[in-house]
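Using the sequences and the accompanying hints, generate a full structural model.
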Amino acid sequence: MDEKFLKPYNPQETETRVYEAWETSGYFNPDNLPEGKERPPFTIMMPPPNATGILHMGHALGLSIQDIIIRFERMRGKATLWLPGTDHAAIATQSKVEKQIKKEEGKSRHDLGREELLKRIETFVAESRATIQKQVRVMGASCDWSREAFTLDAERNRAVNTIFKRMYDAGLIYRGNRIVNWDPKGQTTISDDEIVYEERTAKLYTFRYAKDFPIPVATTRPETKVGDVAVAVHPDDARYKEFVGKEYDAVFCDVPIHIKVVADKEVDPTFGTGAVGVTPAHSQTDWDIADRHALSHEVIVINEYAKMTASGRLNGLKTTDAREQVVAWLRGEGLLEKEEDVRQNIATAERTGGIIEPLPKLQWWVNVNKEVPGRGKSLKDLMLEPVKGGKITIIPEHFEKTYYHWIENLRDWCISRQIWYGHRVPVWYKGEEIQVGVEPAEAGWEQDEDTLDTWFSSGLWTFSTLGWPDDTADLRRFHPTDTIVPAYEILFFWIARMILMTEFALGDIPFKTVYLTGIIRDTQGRKFSKSLGNGIDPIDIAAKFGADAARMALVVGNTPGTDMRMSEDKIKGYKHFANKLWNIARFILENTEAGGSEGSAIPDSKTRPNGLERYPELLNPSDRTHFKALSALTTDVTRDIEEYRPYLAAEKIYHYVWHELADKILEESKPILNGTDDAARASRARLLLTLLDTSLRLLHPFMPFVTEEIYQSMPTKDSDFLMIAHWPVVE
RNA sequence: GCGCUCUUAGCUCAGUUGGUUAGAGCGCACGCUUCACACGCGUGAGGUCAGGGGUUCGAAUCCCUUAGAGCGCACCA
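Numbered per our numbering, the first sequence spans residues 711 to 1441.
Keep in mind that a hint or two might mislead.
Within a straight-line C-alpha distance of at most 25 Å, the following computed DSS-like cross-link-like pairs (lysine-lysine) qualify [to be verified]:
| no. | residue 1 | residue 2 |
| --- | --- | --- |
| 1 | 1362 | 844 |
| 2 | 1087 | 875 |
| 3 | 1048 | 1028 |
| 4 | 1222 | 1101 |
| 5 | 895 | 809 |
| 6 | 1290 | 1374 |
| 7 | 1338 | 1380 |
| 8 | 1222 | 1254 |
| 9 | 1362 | 1338 |
| 10 | 970 | 956 |
| 11 | 1098 | 1087 |
| 12 | 1090 | 1080 |
| 13 | 813 | 829 |
| 14 | 1048 | 951 |
| 15 | 1427 | 714 |
| 16 | 1427 | 747 |
| 17 | 1048 | 1080 |
| 18 | 913 | 895 |
| 19 | 970 | 921 |
| 20 | 875 | 1080 |
| 21 | 1427 | 788 |
| 22 | 1028 | 812 |
| 23 | 1374 | 1362 |
| 24 | 1237 | 1280 |
| 25 | 1427 | 1290 |
| 26 | 1362 | 1282 |
| 27 | 913 | 1028 |
| 28 | 1111 | 1222 |
| 29 | 1237 | 1282 |
| 30 | 1282 | 1374 |
| 31 | 1427 | 1338 |
| 32 | 921 | 956 |
| 33 | 829 | 812 |
| 34 | 788 | 1222 |
| 35 | 951 | 817 |
| 36 | 809 | 1017 |
| 37 | 1017 | 812 |
| 38 | 1048 | 970 |
| 39 | 1338 | 1374 |
| 40 | 1290 | 717 |
For the record, the hints were derived by calculation from the structure and aren't laboratory data.
What follows is the structure, given as structure tokens:
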């Protein structure tokens, strides 16, 4: 027996060494797997973590699930490709670096200029990516580093430009002046999905524009009223019917305004006074009302810095200060009729926390309702169909309903951003002329200043990573991919966009199965976050307990789509399990050594997994019962992994190894192995070796390090690594 | 407003298509330095499966309902 078994299991020392050996072997790359039988492809694209910092336990969970599936399929003889990468996370990354620079040097992005800022960001991203790559390795992820990708590298840029041009040519991308979600803090537009609503108490003011104005209006944003062009009431509202169609002039807080009364069915007659002051330039719904009644969109009173541009006393004030001014003015004029508290959802930017200011802007959009040429359907339909038709399965199933619900409410997607870090919009202008291209235009043309929403590029992830738009061997072999494992939080951001992009680019699905993980929370049920300081670095956990233990703690009992609280105690429990397995191996190896009292147990092909099935005479009847029991477990575990229940599979093997193999079988083996019945001893020795060998194989996807380390000392070893050893045969 | 989820042992959670005395980890109590392992072994306490109603030979599991918690989307004048 190897002397290493004389000491307790040491995950720190073992894990680094074993990972290096795996990586050196080249087996993470499907092209290097041993030849022999034909290997069907099996592909998972790693959700690229944001290159903004370090991985947290949520990432560790995703990596564990993916690695379990990949290792399982690799052992089953598939050509497994697990392609790793990182996401440039445009807004998140730029705002983080900007913040750093502001803090350390007191400079803004405009002080640095576009080129210098990008240089700084790239340096930061390079470091961040290196950290992430290290963390992914620490977790034991058996991904193919030779194919690693970045959402903002040259190959991905070509894919982005290509699809942009194709969508533009297909009339699905257009430039339009519409209300956008403007983030004054980040100085950029964001999409509807990047908004987070925060509930707050706000004041609802009821007032009149002027003494002789017939209709009182209620608003939470009095400062925008200098931009009003109309008052909208419900068509059936008897109170205001007589005023519909009439027009009034007033001077509101120094600003001359012209108000027309219109009837619109979107107005809720029961809210406030039942009359809405219409501010087309600063509210999406008002913009729509203005559209329906041919009202002007032109009156803009707030700028990109959330400051007032209206003339008079409000000019140059922040919107919040202007609000006070207007209220004071209303009071002074005796126009304020009522003030009350209301609960209100404030739109804030997910990344910067800035309060969204709706503004009209010229932006690039993806039209989700227009028919896609040659498909006879809109992008919306194309996103819906594969899920409804069962070509794509979402796990857990109930998220399919959430997905449908989201798509039904989907509006055009604003894809341009006024930040510098990202894929630059591949459009060039010369005067009135416009040119959309994959390659830069000739001299004399000016490229669009804006960049693209980060999800526009990550939407291409499953095929841009395989060489698209070229017709590569990888693309033909590995696409569509098999499974994707994101957190449920990015179902819309990412999963939906990948389906959209892949349907458009390839007329195909990006993946067959979506396994949504839940969120890992701290012991108090809070999300991990930097501001709370409750983050756990998977590297620290691995150093303390071993990555195997962390993986088990994350996986056991963790059902898809469900949040889970994580404590160090739980991880500690599985560190003990790794040591238990280690000691089981020591016992079995000690007692079955060649040349020992039961030399006839020297392993040959017959004792390898399931070999005993074909040679029943090598086991006595009672040992055969134990053998059969493990076969049943093999069947169970195999089905559980196949059907995406790793949380059950892990628990079953755990239970078997500790409470069946160790507690019962090893205990009852002691008198047999020390006894005088040679035949019984030989039979039991063969049994124990086989049970251990099979247990290691079943457990390997979950706890790859300790199982590999033991396997290297197993007399039943039949390949250079357990990683590529064959999965126990299911009868 | 539309939609989804959760409520099971002190804590965190499983329970796969309804089927024998409802499970795990941690924690707890008592006893063990037993020749694989104290990162351990043995024994044990602890649950009217949120409440009510129904379907069924049989329900933690399916249906209805009440209460509490959470989430998504929309609205938010």
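Evaluated hints:
1. 1362 - 844: violated (31 Å)
2. 1087 - 875: Roughly 19 Å separates the two Cα atoms, so the pair holds.
3. 1048 - 1028: holds (24 Å)
4. 1222 - 1101: holds (6 Å)
5. 895 - 809: holds (11 Å)
6. 1290 - 1374: Given that 25 Å is the threshold and the Cα spacing comes to 14 Å, the pair holds.
7. 1338 - 1380: Holds, at about 21 Å.
8. 1222 - 1254: This hinted pair is violated, its Cα atoms lying about 37 Å apart.
9. 1362 - 1338: Holds, because 16 Å separates the two Cα atoms, which is no more than 25 Å.
10. 970 - 956: holds (6 Å)
11. 1098 - 1087: holds (15 Å)
12. 1090 - 1080: The hint holds at about 9 Å.
13. 813 - 829: holds (18 Å)
14. 1048 - 951: holds (23 Å)
15. 1427 - 714: The hint holds at about 17 Å.
16. 1427 - 747: Holds: residue 1427 and residue 747 sit about 20 Å apart, inside 25 Å.
17. 1048 - 1080: Not satisfied, since the Cα-Cα distance of roughly 45 Å exceeds 25 Å.
18. 913 - 895: holds (23 Å)
19. 970 - 921: Holds - the C-alpha atoms of residue 921 and residue 970 are around 16 Å apart, at most 25 Å.
20. 875 - 1080: holds (17 Å)
21. 1427 - 788: holds (20 Å)
22. 1028 - 812: At roughly 22 Å apart (the allowed maximum being 25 Å), residue 812 and residue 1028 satisfy the hint.
23. 1374 - 1362: holds (16 Å)
24. 1237 - 1280: Holds. Residue 1237 to residue 1280 sits at ~18 Å (cutoff 25 Å).
25. 1427 - 1290: holds (21 Å)
26. 1362 - 1282: With a Cα-Cα distance of about 19 Å, the restraint between residue 1362 and residue 1282 holds, given a limit of 25 Å.
27. 913 - 1028: holds (18 Å)
28. 1111 - 1222: holds (17 Å)
29. 1237 - 1282: holds (21 Å)
30. 1282 - 1374: The given pair, whose Cα atoms are some 24 Å apart, holds under the 25 Å limit.
31. 1427 - 1338: holds (21 Å)
32. 921 - 956: holds (16 Å)
33. 829 - 812: Judged against 25 Å, a Cα distance of about 16 Å means the pair holds.
34. 788 - 1222: holds (16 Å)
35. 951 - 817: violated (56 Å)
36. 809 - 1017: holds (22 Å)
37. 1017 - 812: Given that 25 Å is the threshold and the Cα spacing comes to 22 Å, the pair holds.
38. 1048 - 970: Since the Cα atoms of residue 1048 and residue 970 sit roughly 23 Å apart, the hinted pair holds (cutoff 25 Å).
39. 1338 - 1374: holds (15 Å)
40. 1290 - 717: Judged against 25 Å, a Cα distance of about 12 Å means the pair holds.
Comparing the model with each numbered hint stated earlier shows that hints 1, 8, 17 and 35 do not hold.
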